[in-house]
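Got chain A; can you put chain B on it based on the hints?
Protein chains: 2
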Amino acid sequence: MKTDISIAQETKLKPIVEIAAKLGLTEDDLELYGKHKAKISFDKIQSLEDNPLGKLILVTAINPTPAGEGKSTVTIGLADALNHQGHQAIIALREPSLGPVMGVKGGAAGGGYAQVLPMEDINLHFTGDMHAITTANNALAALIDNHLQQGNELGLDPRRIIWKRVLDLNDRALRQITIGLGGPVNGLPREDGFDITVASEIMAILCLASDLTDLKARLGKIVLGYNWQQEPVYVSDLQVEGALALLLKDALKPNLVQTIYGTPALVHGGPFANIAHGCNSVIATKTALHLADYTVTEAGFGADLGAEKFLDIKVPNLPKSPDAIVVVATLRALKMHGGVNKDNLAQENLPAIKAGFANLKRHVKNMIAYGIPVVVALNRFVSDTPAELALLETLCNELELPVALTEVWEQGALGGKVLAEQVLATMAEKSSHYRRLYQDQDSLQEKAEKIVKSIYGGKSLQLSAKAKKQLETFAKHGWDKLPICMAKTQYSFSDNPALLGAPNDFEVTIREFVPKTGAGFVVALTGDVLTMPGLPKAPAALNMDVTADGQAKGLF
Amino acid sequence: MKTDISIAQETKLKPIVEIAAKLGLTEDDLELYGKHKAKISFDKIQSLEDNPLGKLILVTAINPTPAGEGKSTVTIGLADALNHQGHQAIIALREPSLGPVMGVKGGAAGGGYAQVLPMEDINLHFTGDMHAITTANNALAALIDNHLQQGNELGLDPRRIIWKRVLDLNDRALRQITIGLGGPVNGLPREDGFDITVASEIMAILCLASDLTDLKARLGKIVLGYNWQQEPVYVSDLQVEGALALLLKDALKPNLVQTIYGTPALVHGGPFANIAHGCNSVIATKTALHLADYTVTEAGFGADLGAEKFLDIKVPNLPKSPDAIVVVATLRALKMHGGVNKDNLAQENLPAIKAGFANLKRHVKNMIAYGIPVVVALNRFVSDTPAELALLETLCNELELPVALTEVWEQGALGGKVLAEQVLATMAEKSSHYRRLYQDQDSLQEKAEKIVKSIYGGKSLQLSAKAKKQLETFAKHGWDKLPICMAKTQYSFSDNPALLGAPNDFEVTIREFVPKTGAGFVVALTGDVLTMPGLPKAPAALNMDVTADGQAKGLF
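Going down the list, the sequences are from chains A and B.
Per our numbering, the very first residue in the first sequence carries number 10; after that it's consecutive.
Per our numbering, the very first residue in the second sequence carries number 10; after that it's consecutive.
Here chain A stands alone, though its shape is the one from the complex:
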């Protein structure tokens, strides 16, 4: 079996200007980054405003195994298949984060014959968006500490600064640190910590902003901490939102690349769905909708995380809601949810699939509750047996649920044919009537309770003493009308990663809220979810290398 990188490196890429031409974009509309990557200019994006909007297809998944269920791969393969059948489709994906690429994953640009290219660049520095976000985030942190050092005119309470530094790396040793040590020339000693860049508010802002003006306004609204009177202090009080917006001006432009099949893909923004809102940028999705008849996009991890946030946080910032939702499942993951140990997932096990189907069923039910038609995509693995496949089909049929086998990893566009047909048929048959799960006027607690009960299937929401107190002060500051962004393990509907399948009767505990007033939501930290991952014992970095002439090795 060929590796992802060898398939990628064997592919002859088309010049990106040729890919752009399929969308009616000229070279003048692009800012090239090498021959195979480009950003789309603000001028062009603005000029598209009056174009009609295409159909929007959201790809999500069941709760994944640690290896992932191939959601990006299916997203890519579905768009490839639509194009292969003569339709005009475009992809809107998130950018990979270098932390997991160097840690466990080794890459995140699809797989097999359903990849976005050049995968080496996309997995490494790409067009520098992540670096710009890291830089803007840490420039703000440096400006805050400098403000403390230079007289602290705003009366910032150094114990109550909530703005953290970030790096786009997995670096557990930076989670909790003390800074400013070594005497007066080194600033004021205080506690601090680093998050991973993809969890940062600036990442969320970049992904939700409609344009540069909106970006700057959102940056100004960031709460960086509290003063001695415990009143919130905003970035606009520091008057540096202009500088931060300047640092982000190019990062805000969507990146155009291509799939192996030649499908155009906008890869832009990269928040994680377990600790952030998990969707690619509003600008990229909107631009895609204006450029093609079908936009295929994804939301991170399981539908309880990424899709919930897509539908409750992102959609209100989009000109339209999805016309269909594809829920990706694998027999391996269903078996895991049915109680099988991860070492035995390759063995046929019909009872486990039947039991694990409950996980898929709940996700599908949740998506249908949003008023959007659903198709199940079974992402086939070589170990899947005919009996297992037949069982899943039966289970889906019992629910009158359209299901399609996809083999895009192995076959690319051809492997997505059945899924594409199924999605088109479903959209032709059923129309979408989007209903948001909660309303702005619901309190934060009500919003969280609706998510826990309606989406997760939990019994109740618990709040730590700290979280309870925060709710009072947040209401006072007028932040209780914001949407909620749950930070939760991706492995379970609950806040306990070990609770697989479709558990009931569980409580979800919010230990702390974090206001992200610039992004326009409040993060709720549940369980022991961490906003800075660590590296495994044998990081993927150990296998990475580069040849003397610049060829990448060891990416997946």
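In case anyone wonders, no lab produced these hints; they're calculated from the structure.
All copies of an identical chain are treated as equivalent in the list; a pair is satisfied when it fits inside any one copy or across any two copies.
Taking lysine-lysine pairs in the DSSO-like style, the calculated list, with each CA pair at most 30 Å apart, reads: (1) K44 x K31; (2) K546 x K230; (3) K562 x K53; (4) K370 x K459; (5) K439 x K374; (6) K114 x K230; (7) K114 x K562; (8) K230 x K562; (9) K53 x K230.
Showing chain B alone in chain A's frame:
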């Protein structure tokens, strides 16, 4: 008077492919970053190896005022002038660091009508080289802490890890920190600190490496700390030099841009000269020498720092040494060295110029001692009076020192005409016979003493108890044959920034050595020089902004 950014934004840039064509480069030799920036491919760089080498002109300066003496501006203007006179000249400059851009300087891409463009991009993220260096540096740090966390097979002594993290920002609060707090899941608590990226060993390695193979070998040779037996532990022991090289593969390619006049400029690598070796990359300089008849390059800060390191550290890695050295002076700086307070530098003061001339004289003498012909460039300011200019000319004539007035800030290429003629005449008259200041076999102490006595004009070198002890262990590890990279204030020949002019009878104290065995030198920290700057009370960031359509504001 127009600002730098307004002059820059009024300039109609040529497509970078047109600039490249002047050098015989085709679009296939380039990797475009937008329309006005490009990297040159490794293939092309290799194919140039057999081209003849052009003349090399090194631009350096006297000890500067805090505002700088316009060294980059003169470098750019001199090359513009050479091209204007029908010669073929190219520029090899360093990349600005975002720290000072957002702190005091607001920009570092030349000034007035002698700028490299697009100055907004060059001053901000450019082609991402700095970010790649930051990322590789911090990925190594994360891998080290992960090694400690995952069993510490190499027996690293956590108290003796010397690899620091970096950010390309001025952030004093990160100079001295403790990391790994909060219990076992957050790693092993230990002391750490951040340097600015431009001071990092990876920056030095990128600037000294001859190609990707050499880069990887140098990365493997980095000492990251010591084990419990106090033996050095190298990056190659962690086996991650491949991953680090992969992260740097694009950053290693030189960046091509243009001046306002249209002169090609390779802007690549950005080490500071006060805390690092201060020269642009060997690859860029070598490529420039192969591409044009005249390469004009600069070395950071005063000639005691940048030029000394260019000549003693960089030249041994180049195919040739400079054919001429231009020492830039301003009357303002001479007056400052003559004892005038910085608020009164605009007033005519002949005695102060006469006194301050000693600073220029010593720098010139030092450069001549390297066997290279010298030209003095007087970078004219509007406040300079005819009597002052005449005095400087007289003082130079007394030493038979060619001197040329430059007005490149105001007049661009035309303002550099006299200097260009003078440099050409000098190179025609005198040939260069490069002699290095010290030899590899000199001990580290002998090397440092030669620098302190011959270059700085000091009386003696003092070593702290720590530094003395280090010399013994470094000799044991075989590191005493490496060149020395002095970290010292840029404002004085001595290690005391207040000691202006041409002081004598001073001691220079080395408080600590830092082995940079991958870069291939040993850093000597003198005085209280800091490897992570701080922000001023009113940072330049406060004036920065971006318009709704993406125009930068507040850069200089």
